[in-house]
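K.L.:
Sequence:
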Amino acid sequence: MDKIQSEIAALQCQIQALQQERAALTNHHVTPENDSPLAIVEAYRRQARENVQLSAELKGIDDAMYFLEKQIQQKKAHLNRYLPMSIRISQQQEQLEEAKKIAQIHAERV
Numbered sequence: 001m002d003k004i005q006s007e008i009a010a011l012q013c014q015i016q017a018l019q020q021e022r023a024a025l026t027n028h029h030v031t032p033e034n035d036s037p038l039a040i041v042e043a044y045r046r047q048a049r050e051n052v053q054l055s056a057e058l059k060g061i062d063d064a065m066y067f068l069e070k071q072i073q074q075k076k077a078h079l080n081r082y083l084p085m086s087i088r089i090s091q092q093q094e095q096l097e098e099a100k101k102i103a104q105i106h107a108e109r110v
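The letter at position 75 of the sequence shown is residue 75 when you use our numbering, and the numbering goes up by one with no holes.
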């Protein structure tokens, strides 16, 4: 069990590094303060067309984070087979928080 938990921790560290890298790449982009939602979407689309390489890199980072999250879910599922119910509940709460973070990242892209 400790091996799986350490693997999960390593995957989470990798995801955090990718999130930081993604934030650094997107940190200096469109700053829509008073723009309408449509104007914001159009600004991001225009920027994506203008910088295809950056868009591809961001897509690669997003795909990598998605893959690593899937690996974490698989390892947690394997681990959950051996844990008592009370521990499972706390881990499900952690998974919910992680899913919220991922949803926030994807919402920021839009």
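A few of these clues could be false.
What the hints assert, rightly or not - Estimated spans, in silico, between C-beta atoms of each pair:
1. Phe67 - Leu96: 16 to 22 Å
2. Glu21 - Gln74: 19 to 25 Å
3. His106 - Arg46: 16 to 22 Å
4. Lys3 - Asn51: 22 to 28 Å
Unchecked claim - In silico DSSO-like links for lysine-lysine, alpha-carbon gap of 30 Å or less:
5. Lys3 - Lys100
6. Lys70 - Lys100
7. Lys100 - Lys76
8. Lys59 - Lys101
9. Lys75 - Lys3
10. Lys59 - Lys75
Calculated directly from the structure, the hints in this document are not laboratory data.
Idealized CB from N, CA, C, for every residue including glycine.
K.L.:
So, for every hint listed, does it hold in this structure?
P.N.:
Going through the hints against the structure:
Roughly 20 Å separates the CB atoms of phenylalanine 67 and leucine 96, a value that falls within the hinted 16 to 22 Å. Taking 19 to 25 Å as the suggested C-beta distance range, the pair glutamate 21 and glutamine 74 conforms, at roughly 24 Å. At about 20 Å, the beta-carbon gap between histidine 106 and arginine 46 stays in the expected band of 16 to 22 Å. The beta-carbon spacing between lysine 3 and asparagine 51, approximately 42 Å, falls outside the hinted interval of 22 to 28 Å.
Proposed proximity of lysine 3 and lysine 100 is supported: the alpha carbons are some 26 Å apart, at most 30 Å. Pair hint lysine 70 plus lysine 100 holds up; C-alpha atoms about 15 Å apart against a cutoff of 30 Å. In summary, the hint linking lysine 100 to lysine 76 is supported, as the alpha carbons are separated by about 17 Å, within the 30 Å threshold. Note on lysine 59 and lysine 101: the hinted pairing holds, with a Cα-Cα distance of about 17 Å set against a maximum of 30 Å.
Distance restraint check for lysine 75 and lysine 3: the Cα-Cα separation of roughly 10 Å lies within the 30 Å cut-off, and the hinted pair is therefore satisfied. The hinted pair formed by lysine 59 and lysine 75 meets the criterion: a straight-line CA distance of about 24 Å does not exceed 30 Å.
Comparing the model with each earlier hint shows a violation of hint 4 alone; every other hint is respected.
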